[in-house]
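Novice: Chain by chain, the residues:
2 protein chains.
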Amino acid sequence: MNKKSATIYDISHKLNVSVATVSRALNDHPRISEATKELVRKTAKEMNYKQNNLAKALKSGETKNVGIIVPYINTNFFSSVIRGIEEELSLLGYHVIICQSHEDVNIEKRHLNTLLNAQVDGIFMSVSKTTIDTEHIENILETTNTPIIFFDRKKDIAGISTVTIDDYRGGYMATEHLIKEGYKNICHFAGDLNLEIYQNRLNGYKQALLDNNFQIKEDNIIFTGSSIDTGIDAIKKLWDRKSIPDAIFSSSDFAALGACQELKKRKIKIPEEVAVIGFSNEPFTQFMELPMSSVDQTPVTMGKMAGRVFIESVKENGSGVSTEKKVVLAPQLYIRKSSKRK
Amino acid sequence: MNKKSATIYDISHKLNVSVATVSRALNDHPRISEATKELVRKTAKEMNYKQNNLAKALKSGETKNVGIIVPYINTNFFSSVIRGIEEELSLLGYHVIICQSHEDVNIEKRHLNTLLNAQVDGIFMSVSKTTIDTEHIENILETTNTPIIFFDRKKDIAGISTVTIDDYRGGYMATEHLIKEGYKNICHFAGDLNLEIYQNRLNGYKQALLDNNFQIKEDNIIFTGSSIDTGIDAIKKLWDRKSIPDAIFSSSDFAALGACQELKKRKIKIPEEVAVIGFSNEPFTQFMELPMSSVDQTPVTMGKMAGRVFIESVKENGSGVSTEKKVVLAPQLYIRKSSKRK
DNA sequence: TTGTAGGCGTTATCAA
DNA sequence: TTGATAACGCCTACAA
Chain R
5 MNKKSATIYD ISHKLNVSVA TVSRALNDHP RISEATKELV RKTAKEMNYK
55 QNNLAKALKS GETKNVGIIV PYINTNFFSS VIRGIEEELS LLGYHVIICQ
105 SHEDVNIEKR HLNTLLNAQV DGIFMSVSKT TIDTEHIENI LETTNTPIIF
155 FDRKKDIAGI STVTIDDYRG GYMATEHLIK EGYKNICHFA GDLNLEIYQN
205 RLNGYKQALL DNNFQIKEDN IIFTGSSIDT GIDAIKKLWD RKSIPDAIFS
255 SSDFAALGAC QELKKRKIKI PEEVAVIGFS NEPFTQFMEL PMSSVDQTPV
305 TMGKMAGRVF IESVKENGSG VSTEKKVVLA PQLYIRKSSK RK
Chain P
5 MNKKSATIYD ISHKLNVSVA TVSRALNDHP RISEATKELV RKTAKEMNYK
55 QNNLAKALKS GETKNVGIIV PYINTNFFSS VIRGIEEELS LLGYHVIICQ
105 SHEDVNIEKR HLNTLLNAQV DGIFMSVSKT TIDTEHIENI LETTNTPIIF
155 FDRKKDIAGI STVTIDDYRG GYMATEHLIK EGYKNICHFA GDLNLEIYQN
205 RLNGYKQALL DNNFQIKEDN IIFTGSSIDT GIDAIKKLWD RKSIPDAIFS
255 SSDFAALGAC QELKKRKIKI PEEVAVIGFS NEPFTQFMEL PMSSVDQTPV
305 TMGKMAGRVF IESVKENGSG VSTEKKVVLA PQLYIRKSSK RK
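Protein chains in written order, with this note's numbering: chain R, 5 to 346; chain P, 5 to 346.
Think of the hints as simulated: they come from the structure by calculation, not from any bench.
One should not assume that every hint holds.
Given that identical chains are not distinguished, each listed pair holds provided it fits within a single copy or across any two copies.
Stated by the list, open to error - In the BS3-like style, the derived pairs of lysine-lysine whose C-alpha atoms are separated by at most 27 Å in a straight line are:
id, residue 1, residue 2
1, Lys-18, Lys-273
2, Lys-49, Lys-113
3, Lys-113, Lys-41
4, Lys-7, Lys-158
From a predicted model like this one, the values you see are computed outputs, not experimental measurements.
Modelling step: build the complete structure from the supplied sequences, incorporating the hints.
Specialist: Pasting the structure below:
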């Protein structure tokens, strides 16, 4: 009952030629007569022959598979990056293997290991929030030839190429925009500073303030997560004290959304009394009651770039040298009603 | 400069034992002394040995990889289903390979083939809109043992398990809800009827009308796509003629969104003058200016169920018998402001 | 132009 | 308890 697919042996038997001939014919080897090629191809089709990439990979050392590790796949940002990578690489015959770390460094480690065991040709990853130590990653670099490419959430490790957006500039642009709109007391919802992206957004915010002769008030920096609830809590916290901000630059769209909800509840008008601007340009931002300004991360482009960086590193690996690439994409500010007072 | 990872041969050399012993020790074979096991494991770690799953797969015939083909990965629905599948299967040591068909049956075919070449243990798929003929799929069934599982967008093919939601019931529920709210002239935005899901949603809509003594007016069935623009166009078309509906049940959230936008533009009040209800419960629906009612498809659950169906079929395949499963999940109606008149 | 044979890294069978 | 060896399916020197 088991249908085993035909191998080149089966074909060679049927045709009374050697396996080598079959293999070469199937691979369009120049020194095989057109007649045999034709014959082999025809019978291969008849016998429903399918090449076993496993065997080929075992021989060649190339699986034509790459792994991707992200915290969760079902967010607009990560699924869009994956889309970009897949579109860039599937044309070149690569398959894309997806793993979710659930923001847990131990799961991340496990996936890294199983991907390596699966002999992937490369690994794309955005580190989890709990990835503080990076020994497990550096270790791979030292002991294997498998290229690793960080996208978005990177760590500074020599020899690893990265594709990111300029989060600093994103933070700067958002803050500067608020200043130009006349807001005076701008607060920032900062994310987990263990991740560079949030560190950079915060720094951009700070520098924009300084460059415009504003003071940086530590009280105006609230740490939130990337959920609606943390945004709600942040508003509660802010309004419980004296100095109330007139603008919020949030490092997360979801926290910004929570802020909008809580502000509405308190009958505080956006953007008249308080401006709100988020980060990521999640699809929902443009459909909100009050369309929300946000910083776009061009995720599909990021994925495509990451794919290209990988391809280059594969080529280089063949030639011996290997230099890391650091691609930095420009963020794009989408200004909508939530931050336009003028 | 090339770092080649250690094999069991390297270990066997170093320890002066046979490869067989090493292999058995690593696999915790009962008839190997604890001492050698310990020694082997220790040196394996020292030499940074990593099992080559390729070789193992070649031998065993199991790659522990499954393929998933979806139109696009970066939509909430598909990425959530994938999340479910990944979470269910990664625990069992499987990896998940993602392919996008871009709604093109030819790309779908190509992916199907390369996945088969990659020796995946199973294939999950949601067919593309251009998949009319299913010969290429039936062919796989006949010539391989690779189980195929359809989720959401299925085709009726004997021997293929499916996991779907009850779209008929979803359509019925949505329409009935509108009727109970007192709407009298309910129109339907139908999707591509080549896909069963849209056929079923339409049928549910019709039956709900009939069961409540409403007439089915063919004019009230507008064919839209799954984009905002098609929803806008639909409203234009409807309002250009005499009998204007007082409720819209859209088979797509995006078309429903387009409708809301166009209605607002025309100063037509939702839900007082016209009710709107969508399908898919996309994240943006709850954050809209006027939160929109929608039918939830429980995508993560769908993915998990699909994973389980696959596992069962793997077990069965070992035992010889193989019966197809048809899992139908219950849709969930989320009633929000856009359809509550009372 | 075609054939022979070895090897990729494992596991499993048969001996010892 | 361990060892030798064949086999998984393919590719590729080397030979013919």
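Novice: Of all the hints numbered above, which does this structure not satisfy? Sort the numbers upward.
Specialist: 1
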